[in-house]
Amino acid sequence: MMSPHVILRVVSKVLIPLIIVYGFYVHFHGEYSPGGGFQAGVVLASAIILYALIFGLDEARKVFPPYWARVGMALGGFIYASVGFVSLMMGGKFLEYAVLHPDVSHGTGQHIGIIAVEIGVLTTVTCVMIAIFYAFAGRTPEISDEDW
Amino acid sequence: MTVGQFLPAALAAHAPVLLVAIPLILSAPAAALKSGRTAWGLAMAGSVAAFLFAIELFLATRGDAPGISYALGNWEPPVGIEFRVDGLNAALLLLLTASAVLALLFALPSVEDEIDKDKRSLFYSAFLVVFAGLAGVATTGDAFNLFVFLEISSIPTYALIAMGAGQDRRALTSSFNYLVMGTIGATFFVIGVGFLYMATGTLNMADLAARLSELHGNRVVEIGFAFILVGLGLKAALFPLHLWLPGAYAYAPSFVTTFLAATATKVAFYGIIRFSFDVFSVENGFVLNSFTYVITPLAIAGMIIASAQALFQSDVRRLLAYSSVAQVGYMMLGLGIGTQAGVAAGVLHLINHAMMKGALFMALGAFAISYGVRRIENFKGLGQALPVTSAAFTLGALSLIGVPFTVGFVSKFYLIQAALQKGWAFAVVAILISSVLAVFYCYRVLVNLWVAPRPDGASRSVQRVPYMILGPLLVLALMNLVFGVYAEPIVNMAETAAAAAFNAGVAP
Amino acid sequence: MVEVLAERFNYAVIIILMMVGLYAVIATGNLVKRLVGLSIFQTSVFLLYISMSKVFGGAPPIFDYKEMAYDKLDPNAIYSNPLPHVLILTAIVVGVATLSVGLALVVRIREAYGSIEDDTLAEADYSLELEKGV
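Residue numbers (our numbering), protein chains in the order written: chain A, 1 to 148; chain B, 1001 to 1508; chain C, 2001 to 2134.
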């Protein structure tokens, strides 16, 4: 049977890669301008959510299994905290970004530190948004669609 | 700064932050795991590590040693966030981490009994976050950071309490009530910190203390103090603000109740001491007046009314929860007295209460796991069936009453002494009345436990309590006895803590 | 009176919002409305911090990169205080987390009891208690 949503499917196949690229743009530009891990995470998650809305939840779960979301949530926090531990091991104090790179005058260590932390934030936010979507979309509605 | 008491110096230098960060980072892999047992192992590893760091910090701040200051990210305080450990919070950290280790031993069998298989690893992950949050509250030297850690610990606590829904759906509504009241409390605290920031332009506690000493009688500062007191009072279950506590303790999983009873309100109580006596000081007339005319009457009312309410409970956990509210009253009375001896008595009771309530709730967990009983009338004859557990419960109850040679007696003795020094005979009367009420509500449970015969219909088969429960339970129960006879270590600990609160001095 | 209020317009708004939120938490029996009240209450505190950070005539606290590099920053320039904004960013995250946990609890309560009205919940619990026998 031909799916009734041909236009949506075609458009979304063009849009989803763009959304993902835009998400990364927002993320990496966050160091110099408004943006960063929080916003980019939501944009990235919206790509998966759009996919789920159009192709159905089961298809989306094949693309991005719920267990990944759980691991990703944990991984993001782990990345953030491990930046602190790495700086400890490099002889600084906890979360002291300056020791991450010997070039202090340009603040390269600070850049590295904040980018690593933002990657952690990005991972967590993306996975949390997807997990929330899965959790709510996966619940059986009390009123079936025919009864509306 | 003395470092490296027994840990290698490289680790000891970072002890304040590692104590918080190790449980926090371990919570991430614990959440990603599928196996509950491995997650438990991680939780245990995090707690033991934190315990070692707490011992290190405690040894380093003993006696007249100055406090330890740790600048996060090497941003120097007062601009950067500072972790600060002195005699007061070192004692609290020791209590917190020791409770976590003991409670976790108990957790393995108890959680397997009460929590769904696929939720266990998330459960331990949430526990680690709670633990890290509480440790953070106890270590941080920054007023706003304290709020953040308070909420980091509170939000997973709501989830943990709601996990009791598998046993009793009232866990959900209790958790919701706790969420609403806890959030109001935290928000009040933030308002108070905002007022302090308006008046002083700093958030660092040591810096705040220095600047506030020049601002006696400033209305903004006084309002800020009032907001902070109410906000932390809500979290600490100070008498009229305690309504969330009985439900939350009664319906949460046994392990959560045990851990929270020993730690959560204690940490908020520490916050009150820190703000009232260190950041502010009792030389400030407003602070002293609010303690004398607001906190003391409320503490006394709590001691008597909550004990009376405990008399009428049929669920043993609810009974003990009301008794917890009454015990918070004792601690608050210690603060209300407002002298160094009073605060020492309050801290002493804080430590002791963690020991007795830890033992009592753990024993209840053992009864629940072996016989599935929670109501008083179902306790009939259990004394013969489970003699060791019942004996531990009895020790805890005796300590709660304040029988000589138990820790409960020691702290009540010091509390009465402090009250008499101030000339407050009425406080002594209140302590005695509350103790008599405690005799009655403990009697109700104990008489069912030991004297009443086992009903004929009940199963006679003796179910063994796992050693993983008996071990920590006996340790806690015997601590009630040992420190009751040989009270010097904990009394010294409390006195150092009170001295640290009064003469806050941190090496720059 | 009017001048006093006009001068402290922001505080008047904050206090009104605070009381509206707190009243909603206390007065309503609907759990979702209670969370709405809680959010309003928290938001009023955010406003308190944000309005306190305003410095009259202050520029946004962003240094020009080129001026900073050539050491040409004007030492007398007035900036608004950025710290409360950062604090409130944290507080907003905390608030969102609390709200989402609260809403998740409401969903679970709805499933367990079939209602989100406080008095219905209390009644259901009471009759459950009666069944077990007091």
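Derived by calculation from the structure, the hints in this document are not laboratory data. Note that the Cβ used here is the ideal one computed from N, Cα and C, for glycine as well. Just to be clear, a hint being listed does not mean it is correct.
Reference excerpt, derived from the structure (chain B facing chain C, CB under 7 Å, subset only) [claimed, not checked]:
no., residue
1, 1037
2, 1038
3, 1144
4, 1151
5, 1155
6, 1175
7, 1191
8, 1198
9, 1199
10, 1227
11, 1464
12, 1466
13, 1478
Going through the hints against the structure:
1. 1037: For residue 1037 of chain B, the interface hint is violated, since the closest Cβ of chain C sits about 26 Å away, which is over 7 Å.
2. 1038: This interface hint is violated because 26 Å lies over the 7 Å limit.
3. 1144: Holds, about 5 Å.
4. 1151: 5 Å, holds
5. 1155: Where the cut-off is 7 Å and the nearest Cβ of chain C is about 5 Å from residue 1155 of chain B, the hint holds.
6. 1175: For residue 1175 of chain B, the interface hint holds, since the closest Cβ of chain C sits about 6 Å away, which is under 7 Å.
7. 1191: Because about 6 Å separates residue 1191 of chain B from the closest Cβ in chain C, which is inside the 7 Å limit, the hint holds.
8. 1198: Since chain C brings a Cβ to about 5 Å from residue 1198 of chain B, closer than 7 Å, the hint holds.
9. 1199: 11 Å, violated
10. 1227: 10 Å, violated
11. 1464: Hint violated; residue 1464 of chain B Cβ to chain C Cβ min 27 Å, cut 7 Å.
12. 1466: 28 Å, violated
13. 1478: 36 Å, violated
In this structure, the hints that do not hold are numbers 1, 2, 9, 10, 11, 12 and 13, in rising order.
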